[in-house]
Amino acid sequence: MTYVDTKPALKAEAQKLSFYYGGTVQALKSISLGLPDRHATALIGPSGCGKTTYLRCLNRMHDLYPGNRYEGVVLLYPDEVNIVDHAIDPIEIRLRVGMVFQKPNPFPTSIYENVAYGLRIRGAVPRSELDGAVEQALRDAALWPEVKDRLRDLAFNLSGGQQQRLCIARALATGPEMLLFDEPTSALDPTATARIEELVTELKQRITIVIVTHNMQQAARVSDYTAFMYEGELVECDRTEKIFTNPSNKLTEEYVTGRFG
Amino acid sequence: MQRHIDQELADLKSQILRMGALVEEQIQGSIKALVDRDVDLASRIIERDALVNSMDVDIDENCMRLLALQAPAARDLRFVTTAMKISTELERMSDLAENICERVIELNEEPQLKPYIDIPRMANWTMQMVRESLDAFVRSNAVLARKVCADDDFVDNLTHQLFRELLSFMIENPGTITRAIRLTFIGKYLERIADHATNVAELVVYMVEGKIVRHTTPPVLSDNET
Chain A
70 MTYVDTKPAL
80 KAEAQKLSFY
90 YGGTVQALKS
100 ISLGLPDRHA
110 TALIGPSGCG
120 KTTYLRCLNR
130 MHDLYPGNRY
140 EGVVLLYPDE
150 VNIVDHAIDP
160 IEIRLRVGMV
170 FQKPNPFPTS
180 IYENVAYGLR
190 IRGAVPRSEL
200 DGAVEQALRD
210 AALWPEVKDR
220 LRDLAFNLSG
230 GQQQRLCIAR
240 ALATGPEMLL
250 FDEPTSALDP
260 TATARIEELV
270 TELKQRITIV
280 IVTHNMQQAA
290 RVSDYTAFMY
300 EGELVECDRT
310 EKIFTNPSNK
320 LTEEYVTGRF
330 G
Chain B
579 MQRHIDQELA
589 DLKSQILRMG
599 ALVEEQIQGS
609 IKALVDRDVD
619 LASRIIERDA
629 LVNSMDVDID
639 ENCMRLLALQ
649 APAARDLRFV
659 TTAMKISTEL
669 ERMSDLAENI
679 CERVIELNEE
689 PQLKPYIDIP
699 RMANWTMQMV
709 RESLDAFVRS
719 NAVLARKVCA
729 DDDFVDNLTH
739 QLFRELLSFM
749 IENPGTITRA
759 IRLTFIGKYL
769 ERIADHATNV
779 AELVVYMVEG
789 KIVRHTTPPV
799 LSDNET
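Chains as they are written, first to last, in the working numbering: chain A, 70 to 330; chain B, 579 to 804.
Some hints here could point you the wrong way.
What the hints assert, rightly or not - With a straight-line cut-off of 30 Å between C-alpha atoms, the simulated DSS-like cross-links for lysine-lysine are: (1) A:Lys98 x A:Lys172; (2) B:Lys789 x A:Lys311; (3) A:Lys319 x B:Lys725; (4) A:Lys311 x B:Lys663; (5) A:Lys311 x B:Lys725; (6) A:Lys98 x A:Lys273; (7) A:Lys319 x B:Lys591; (8) B:Lys766 x A:Lys311.
Rather than coming from a laboratory, the hints here were simulated on the basis of the structure.
Build the full structure now, drawing on both the sequences and the hints.
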């Protein structure tokens, strides 16, 4: 098989990124990994390999706990902001880099307010534009037809799959450049999973996607690039079809064929 | 770690081997029928082609099932898709052995044109290629597979040599044309069987190395050329 390796432009890039939990436990060991702009990159690897840790570095999620320490840089392009620089306000980063978690976590409020929340804290969105922005985000998350007549309902009344799409709409509302998914379908049934995967495939046309998944077939279906991590190190990152048909590294081969992990 | 899929893959491998052994018998038998002028044997081989066909279907179904249920990846994926294609190649070889037998039955309606020397030689080479290509598959041996690809030229040369010889018969005596053409066909069938063995060998190179060497002219024969 021949692979046309025109290097795509990057949206973000970790350079020698190491990360320590509580200042002592090293969870990432000098990771250098670029994330192609407007493509989906899947992070795979056995539990504890550091894939979620890496993902969380990308929007400073680790700052919530004291003692955590970053080394190296994560550049967000095009302006080359160092995401893990403490001088940079994490709120600024999180407006540009959204996140969707394993379990849907809507706020205990209405569907409308869930989506409007990010826009409100960002401020400067006039009331007249808020309705339109909420509708657009819900449309982008393929949820609008199902909720348009019940925007004032409590978000918890939605099904699990709908709640997850609401969380995606909430993340999309602030117009992020990159969206991080941490096992977004592990709590969903196959139909809801398929809808989220469809959505990811659509979104990656205009937003950079990074997805952590334990489901190899999901990684194969939705991603353009796949990075395999093991024990805090990046083992191999390549085009997804290469990783799943003919990986270069023996360890990757063993992992994707289910020989370990 | 012993995985459930390992047993399934081992079963698939032995399925291919059983089919390969039967196809070898078909080819060998067709040449024996020619040399011994044995119409009964030729008929039996023609009948037995149905068995090869059903094995091809079984292997196909097994591969489809494995792809759907086990979702194999990387080397396992290459193994299953290769097995699926090898099965098709073997089925075509058996069809060609059947074609040889059809010509044998026709040839036996007339006296033998000439002593058969080159055809059995070609058949031996061809069968060796078939055997070695399957051996390469079973042992995941890309070196042996590349050797099989190289051997194909020898069979091609023998085919041309046979054709020139038969042409001289036809020019000298038009009464020999029917028989000479039938023998030319048999030469062509053997040459096609060798081509299918080459295809199998090329598939094995892909399975082992993940490199596609099909449709490359000249065939990529060493690792450092790609």
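Given hint Lys311 of chain A paired with Lys789 of chain B - CA-CA distance at most 30 Å:
12 Å, holds
Is the Cα-Cα distance between Lys98 of chain A and Lys273 of chain A 30 Å or less?
With Cα atoms ~28 Å apart, Lys98 of chain A and Lys273 of chain A stay inside 30 Å; holds.
Check the hint pairing Lys319 of chain A with Lys725 of chain B against an upper bound of 30 Å on the C-alpha distance.
Given that 30 Å is the threshold and the Cα spacing comes to 26 Å, the pair holds.
Sort out whether Lys311 of chain A lies within 30 Å of Lys766 of chain B, counting only the CA atoms.
With Cα atoms ~39 Å apart, Lys766 of chain B and Lys311 of chain A exceed 30 Å; violated.
Holds or violated: Lys319 of chain A and Lys591 of chain B, Cα atoms, limit 30 Å.
23 Å, holds
Can you confirm whether the C-alpha distance between Lys98 of chain A and Lys172 of chain A stays at or below 30 Å?
Distance ~28 Å between Lys98 of chain A and Lys172 of chain A Cα, so the pair holds.
For the pair we were handed, Lys311 of chain A and Lys663 of chain B, check the Cα-Cα distance against 30 Å.
21 Å, holds
30 Å limit on alpha-carbon distance, applied to hinted pair Lys311 of chain A and Lys725 of chain B:
Status holds; Cα separation ~27 Å.
Hint check: a violation occurs at hint 8 only; the rest are consistent with the structure.
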